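**Student:** What follows is the residue order along each chain.
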Amino acid sequence: MVSTTAQLQFPDASESDEGRLVAAARAGDLSARDELIARYLQDVYAVAFRLLGERDLAQDAAQDAMVNALGALGRFRGEASFRTWILRIALNSARSLLRRDVRRREVPIAAVEEVAGVGEDPASRAVLLTEAERVRVALQGLPEKQRLSVSLRIEQGLSYAEIARLIDSTEGAVRVNYHLGIKRLRGMLT
Amino acid sequence: MILANCDAVRDALPDALAGSLGPEQSRALAEHLAACADCRAEVEVVRVLRQHPVRVPDGLEARVRRAVAARRGPGRFHLSRPALLAAAAAGVLLGGALLLRPRPGEQAPRVSTAPPPVRASAAAIPPVDGRGLMQTLPGTTDAGLFSSTATLDDLSDEELQTLLKELQS
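Those protein sequences? They're chains L and U, same order as listed. Per our numbering, residue 877 is the first one in the first sequence, and the count goes up by one each step. Per our numbering, residue 22 is the first one in the second sequence, and the count goes up by one each step.
Honestly, the hints are just simulated from the structure, not real lab data. Predicted model, so just to flag it, every value in this text is computed and none were measured. Hints should not be assumed to be uniformly reliable.
As the list claims (entries may be wrong) - Chain L regions said to be covered by chain U (calculated; three or more residues, Cβ under 8 Å):
| no. | stretch |
| --- | --- |
| 1 | 913 to 922 |
| 2 | 925 to 932 |
| 3 | 940 to 946 |
| 4 | 1006 to 1017 |
| 5 | 1021 to 1032 |
| 6 | 1059 to 1065 |
Stated by the list, open to error - To be clear about the criterion: a stretch of chain U counts as covered by chain L if any three or more of its residues have a C-beta under 8 Å from a C-beta of chain L, and this derived list gives those stretches:
| no. | stretch |
| --- | --- |
| 7 | 31 to 37 |
| 8 | 58 to 65 |
| 9 | 69 to 77 |
| 10 | 80 to 92 |
The beta carbon of each residue, even a glycine, is placed where N, CA and C say it ideally should be.
Whole structure, please, built from the sequences with the hints as guidance.
**Tutor:** And the structure:
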């Protein structure tokens, strides 16, 4: 299963580049710190949003995660990729907020602005928003493990093994949850 | 990896749509999809999900930068050993000053050349309608005077003298 365990390459973030950036930020280089924020905030926020399903909470979780991660750079040992490490912190921050926020609400309509790919033309914007909203609602309707497995596999490009480490599961369980999630999404999106 | 069956193909779809499959695997995948409508339907789901990634809200990056800077502070990244020692010494001095500070109920030694202040005891002063003081004590209001927990001990010597004169008149 080469494809499911292969390390994905990120064109703008090779491992050595990532290592240098982390080392520089740890040594106090403020521009390196800002570069880490710019590079990983998208992924951190996306993971938090998929877990929480709510824009404001996801922003709070993303902020907590970045603050905590950049404050704990000294504890990053390089055993996993920095991206996996910071995504785990994002998940922990989101779970922590989820526990505190027992007022699970319906996601407001404004949350559709989360979804990228919206054109300038009002007609195409309406169509795309509709499809984007369908995707969001469909994903949010999945059980958490299925939702995370699908999101981390497709949106974050992680392998089953990486996802398993991230959510404290097994590779086999992640694979099953991914396929169950996709099967349900096929019923909702096609 | 040989993409010989549906399971293997479906496992590989996210990587295929991300463009991270090798040429041999891509060719095998294409051959399989040409013959398998079920896997083609799954391609469509993965494609739709990829087309609608979560977008970071405007302003979040700036907000995070501010939060990180506020939490850490630029100086903390650059604290050298001498700076840490200086900070520790300052802490010791501050701690010492706090230990030597007079405790509640303990009078700090005071050097004064002024005559001893006139002391008035609350018990020695007859009941008085405090509203009369409204014009005497600047800055007081009716509500403030009667709702306040201030006592005669809080008045200055001059204010006490004024009060005594008013009571005697």
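**Student:** All hints, please: hold or fail.
**Tutor:** Verification of the hints:
no., hint, in the structure
1, 913 to 922, "holds (count 6)"
2, 925 to 932, "holds (count 3)"
3, 940 to 946, "holds (count 3)"
4, 1006 to 1017, "holds (count 5)"
5, 1021 to 1032, "holds (count 4)"
6, 1059 to 1065, "holds (count 3)"
7, 31 to 37, "holds (count 6)"
8, 58 to 65, "holds (count 3)"
9, 69 to 77, "holds (count 9)"
10, 80 to 92, "holds (count 8)"
Every hint, counting from the list given before, is met by this structure.
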